[in-house]
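A.B. asks: Next come the chains, spelled out residue by residue.
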Amino acid sequence: MTMDDTSKATRAAYGETLVELADEGVDVVAVDADLAGSTTTKKLGAAYPMRLVDVGIAEQNMIDVAAGLSLSGKIAFTGSFAVFGTGRAYDQIRNTVCYSKLDVKIAPTHAGISVGPDGGSHQMLEDISLMRGLPNMRVLVPSDYHAAKAAIRLAVATPGPVYVRMGRASVPRIYGADYRMEWERAIVLREGVDVTIAACGIEVAQALMAADALAERGIDAEVIDVPSIKPLPAADILASIRKTGCVVTAEEHSVIGGLGAAVAELTAEHLPVFLERVGMRDSFGTSGSLPELLTCFELDAPAIVRAVTRVRARCHRTL
Amino acid sequence: MTMDDTSKATRAAYGETLVELADEGVDVVAVDADLAGSTTTKKLGAAYPMRLVDVGIAEQNMIDVAAGLSLSGKIAFTGSFAVFGTGRAYDQIRNTVCYSKLDVKIAPTHAGISVGPDGGSHQMLEDISLMRGLPNMRVLVPSDYHAAKAAIRLAVATPGPVYVRMGRASVPRIYGADYRMEWERAIVLREGVDVTIAACGIEVAQALMAADALAERGIDAEVIDVPSIKPLPAADILASIRKTGCVVTAEEHSVIGGLGAAVAELTAEHLPVFLERVGMRDSFGTSGSLPELLTCFELDAPAIVRAVTRVRARCHRTL
Amino acid sequence: MQPYGSVEGARVEALAQMEVNVEKDVAEKVGTPEGTDGSERVAAIEMADAPLKAMSMRRDIIAMLALAGSGHPGGSLSATDIVAELYFGGILTHDHDRPTDPARDRFILSKGHAAPVLYAALAEDGYFPLSELSTLRKLHSRLQGHPDSKVLPGVEVSTGSLGQGLSIAAGLALGLMSSGGDREKGMVPTVFALLGDGEIEEGQVWEAVMFSAHQHLGNLVAIIDNNDLQIDGRCSELLGLTGIAERFRAFNWHVLEVDGHDSVALNGVLSQAKAYTKGPVAVIARTVKGKGVSFMEDQVEWHGKAPSADQAAVAFGELGGMPGWYSECIEGGRA
Amino acid sequence: MQPYGSVEGARVEALAQMEVNVEKDVAEKVGTPEGTDGSERVAAIEMADAPLKAMSMRRDIIAMLALAGSGHPGGSLSATDIVAELYFGGILTHDHDRPTDPARDRFILSKGHAAPVLYAALAEDGYFPLSELSTLRKLHSRLQGHPDSKVLPGVEVSTGSLGQGLSIAAGLALGLMSSGGDREKGMVPTVFALLGDGEIEEGQVWEAVMFSAHQHLGNLVAIIDNNDLQIDGRCSELLGLTGIAERFRAFNWHVLEVDGHDSVALNGVLSQAKAYTKGPVAVIARTVKGKGVSFMEDQVEWHGKAPSADQAAVAFGELGGMPGWYSECIEGGRA
Ligand SMILES: Cc1ncc(C[n+]2csc(CCOP(=O)(O)OP(=O)(O)O)c2C)c(N)n1
Ligand SMILES: Cc1ncc(C[n+]2csc(CCOP(=O)(O)OP(=O)(O)O)c2C)c(N)n1
Ligand SMILES: [Mg+2]
Ligand SMILES: [Mg+2]
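For the record, the sequence lines run as chains Y, C, H and Z.
Position 251, counted from 1, in the first sequence is what the numbering used here calls 251; the numbers after and before it change by one each time, with no gaps.
Take the position in the second sequence, starting the count at 1, then add 319; the result is the number in the numbering used here.
Take the position in the third sequence, starting the count at 1, then add 638; the result is the number in the numbering used here.
Take the position in the fourth sequence, starting the count at 1, then add 973; the result is the number in the numbering used here.
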């Protein structure tokens, strides 16, 4: 993991990868809602004017125009900010895209608190939950720029609805350019035996930092990146937990309905263990810088360390 | 529990209770979207024409008009079918009602598969998840007619956003007219020591039937009704599970993000035990009669019995 | 059960009468649509098919709903003549043997609750056996309460949540246009979307309206089933929904108005709409909800209620008899 | 840091010049609004306040954004004269000491990204100290990136998600109307909603438009900040959004058009709109995005970008100086 010149936002991968795909002859189009510059789909429009459709400030129309384009044989990506690109068009995603099982990829950007100063109205913290709850929908949360590129390619390779969650802020580099994402697979970024930290998105970097801090205290944490939130890599997650005996999840999302909830649903069914969920504790975000907000809402590495301490204390009390 | 002349749909309580409240001098209004007859808010309009606002087929406007009415000091209920009354207006509920913390009660009807022949597009199975994930939102799922009346009264007594989930189909009577609902409280409908069955909505009746069937096999199930999905009655649920050692949840909703998920989140944090979730297994509904669908999607009493058998087998294997 | 035997006679009679009327209509009105070459007579005969098929479809609709015990007769019957004209009046280029032929015109039933009218058209055309109509709204049926494109050939996209069809149609029209083909030469398929008048209260419809006009979607036709009824009352009273044509014009659409039950007029207007390539066309079709069944006509309570067997029998009397598949089904049920 | 000293002189000069202009304007145009009794002179003086306050607000906006390092100058500056007229031109009945007075008129900033213009008006009026403007978009500030009614008095409802404000305003107007009071006698508060022109691409706006006309909401005024820019380009080019007045008229609204930067004209039109009781009024205000700062005017890239300190200095030069609270803040920062 390196936070250097190679740090890029996941959204930076969006337009770029679409252009590459179009170059390769894949019939991709993007539909955006007056945010083609922010989401970077404008890059596709610059290279292929006919492949970008800007519907104006009309997210409901955005989703269903994409649905229509997919019916004409294209692979249609949608844009906007995550808060509007999912929540403002939920019924369209549900009743048209998912119910008809269309080749539409819901891929908004600016998810989570990392939109910073825009504040609570713009900080989408329920989108994983919204999308994960939809039948026929698959969900990917890439943790860095290269993972985002891989996620977009995986979405294209997979017929049917896919949600790809991208963010606005630069995030440290975790993967190389050769990274390929797979459905139902978690990536073990650091092996350990004392606790499993399962993270997604920008929290993967925090989890790695937390593991370093924990190592100093003699706690050997296993860090796994879970980009495939749905379908969840049940086998990989359970294998890690079988080894460590307890788990902390970390996500830039509400603790309700996201990765933490998915892992809780999984362990409760197959391997009940103590779980601590690091995430937004059922509150709206607020204006501030990303580092400030990570601390304020207890989403930073120290917060993950504290969660690990708590979960291990519980675990030992029980044993 | 009696399925007789006293069986009524939960939605039957809606308009009726609003009229009672208006009679009592409470400043309630209802905003509906061309479904005032189906939701029964029409009754309020019949008694008090000024208290019912029908905005036509425009669910987004419905929510925000209610928001505006609440700003003028009224307690505003919204209607429509659950699929449209939540999903078509998610962003309005999020960014206006919840973010401003307004006195708006989201109370659509026709939730779940019990709308029957209308089919998958109309069978809302993600609404609990959608509403539970919203900060400042409280969620109530009444299990019979009297519970629905109590839920509406509890919503009125509680400032701020509340979701009340109601259904179209007649359901057996569980409570008397004197029933009062409380936040964060579960109701033990049947005591037992072998397994906890936590249910909500129409599944409470199925759970009671399942408990009868289990009793015949010598399994003593505790059945608790959990109308207060958020805030969740953590103490009550944990107390029951401490006694029984394992839990089955049952809901007319997706297994993702609903009551089952809430209980999984809870137990994973405080008391890891085996949990089986009875609910829609991540699929859309389909046309059919309610009894057919309950069987088809494994939501009926026999399905709960099977889940109990599974969870107890797991539990014992571990011990 | 009612004795249905006598109805059969009435049906034959009514059909005969109708054929006479249709011949008259055609004789009177042929030539109204532009371009009168040698193929005129062929077109006229094709046109004449539509009213006959519409009559069959109305019978199918009543039969389906009576068997299902729930569903939406009012909006299915108001749209019957329109849908019949599209499928049997030579408007839609389509072939039930190749339901996914890329060159086909597309029909999107945005007002998905009128599923029975779509199912009737598809079955009458041969997309699936008429007898399957008896499965409407039943468990495991392909005829879902609202159209499900995953299971039924001929359904372009699932609908049921109002206000979405025009956006889908616009995206599809754009996709077909950009996939090449010369619109001027009629090489690009046309996308027709049928909307309810209550449905256009959904804001999303106006998003699609703005978008389609701006994109000059010359291969898009929106048909508004203007029966002036929704669920809670008259559209004109509930939300002041009048002057629909002016609203579309203010949003830069080409607008045509037509009697939605006049086959010849409909055929002319729909042909014109299809031929218009400069931008999207709105066809405002004045209709009567429940059209064809006296006790349902213009009655708000028949929006979403199935007729009983007795009521169906009365309706069949007015519609020239019951469908063959229905009587077989009833008899099968008796046996 | 730039030396700001010299700017102060320019500011005093500009203010003096402006006062002369305003006096002239008032002298020329007084009497335009209906009803010219003894209070005319008072009204004129009140009116004259607005342009001065608008100038201060523009300075506040630039200062706020420069300190915040992010935010939306373009749409804040295009709306400044409108908001100034509402708060300081005697249009809104309101009192910063009683921000929840039931009798107050309501202002809803539907285009919530223009929060800085609202904060500037509230601070200039005394709802909170001017110095608090320096906290815009900072952690724990009451001045959130988009207005949050939970924390800041004077904000009627939280906004930021476009397209919702008119619906909220309509519900509020209806609630105020039905809560009694005689609209004809001016006893019912008026609800003003300010929308962006790009914002009216949201379908929900048209749902609210249909609803408000039908409900005859005579105490509702929608103001459209018609700067012909959104984020991805010109509204007229991106979605063909022209003829906004005709669109509202086709939806049965009373429409007034005005130069959104002409204080006297604005005052007349807003007074007229408030006085109109037969139904909702749309005020289409022709504006220039970024108005008042030469390098921002009509430039799409200044929609959502904060000026650097240097750019702010240039802007202050054009706006007659920097705000006192800003220079204190800068100096505080230096110390
Ligand atoms: C988004 C949405 N809201 C509400 C409904 C419930 N609903 C079904 S039909 C209908 C009335 C439709 O009226 P109209 O569009 O005029 O149809 P028609 O008269 O042709 O039947 C309503 C409100 C729905 N299906 N979808
Ligand atoms: C529902 C929603 N979609 C998208 C956005 C992102 N957004 C913020 S401002 C803006 C452009 C607004 O243009 P306009 O309404 O013309 O505002 P103005 O020109 O006055 O700034 C957009 C798309 C949003 N805030 N809300
Ligand atoms: Mg209608
Ligand atoms: Mg603008």
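Simulated from the structure, these hints should not be mistaken for lab results.
Because the structure is a prediction, the values reported are computed rather than measured.
Beta carbons: idealized from backbone N, C-alpha and C, even for Gly.
Treat each hint with caution, since some may be false.
Here are some, though not all, of the chain H residues that point toward chain Z, as calculated from beta-carbon distances under 7 Å [as the list claims (entries may be wrong)]:
hint, residue
1, 737
2, 740
3, 845
4, 882
5, 883
6, 884
7, 885
8, 891
9, 892
10, 893
11, 937
A.B. asks: Confirm or reject each hint.
C.D. replies: Do the hints match the structure? See the list:
1. Taken as an interface hint, residue 737 (chain H) does not check out: its beta carbon lies about 32 Å from the nearest beta carbon of chain Z, beyond 7 Å.
2. For residue 740 (chain H), the shortest C-beta to C-beta distance to chain Z is roughly 29 Å, which exceeds 7 Å, and the interface hint is violated.
3. The interface hint given for residue 845 (chain H) is met, as the beta carbon of that residue sits about 4 Å from the closest beta carbon of chain Z, less than 7 Å.
4. The restraint placing residue 882 (chain H) at the interface with chain Z is violated, with a minimum CB-CB distance near 10 Å, outside the 7 Å limit.
5. Violation of the interface hint for residue 883 (chain H) is found here, the shortest Cβ-Cβ separation to chain Z being roughly 10 Å, above the 7 Å cut-off.
6. Nearest Cβ of chain Z to the Cβ of residue 884 (chain H): about 5 Å, under the 7 Å cut. The hint holds.
7. Because the beta carbon of residue 885 (chain H) sits about 5 Å from the nearest beta carbon in chain Z, less than 7 Å, this interface hint is met.
8. For residue 891 (chain H), the suggested interface contact is broken, since its CB lies about 11 Å from the closest CB of chain Z, more than 7 Å.
9. Evaluation of the residue 892 (chain H) hint against chain Z yields a violated restraint, the C-beta minimum of about 14 Å exceeding 7 Å.
10. The interface hint given for residue 893 (chain H) is broken, as the beta carbon of that residue sits about 12 Å from the closest beta carbon of chain Z, more than 7 Å.
11. Hint status for residue 937 (chain H) relative to chain Z: violated, with the closest Cβ pair at about 23 Å, above 7 Å.
Checked against the numbered hints listed earlier, the structure breaks hints 1, 2, 4, 5, 8, 9, 10, 11; every other hint is satisfied.
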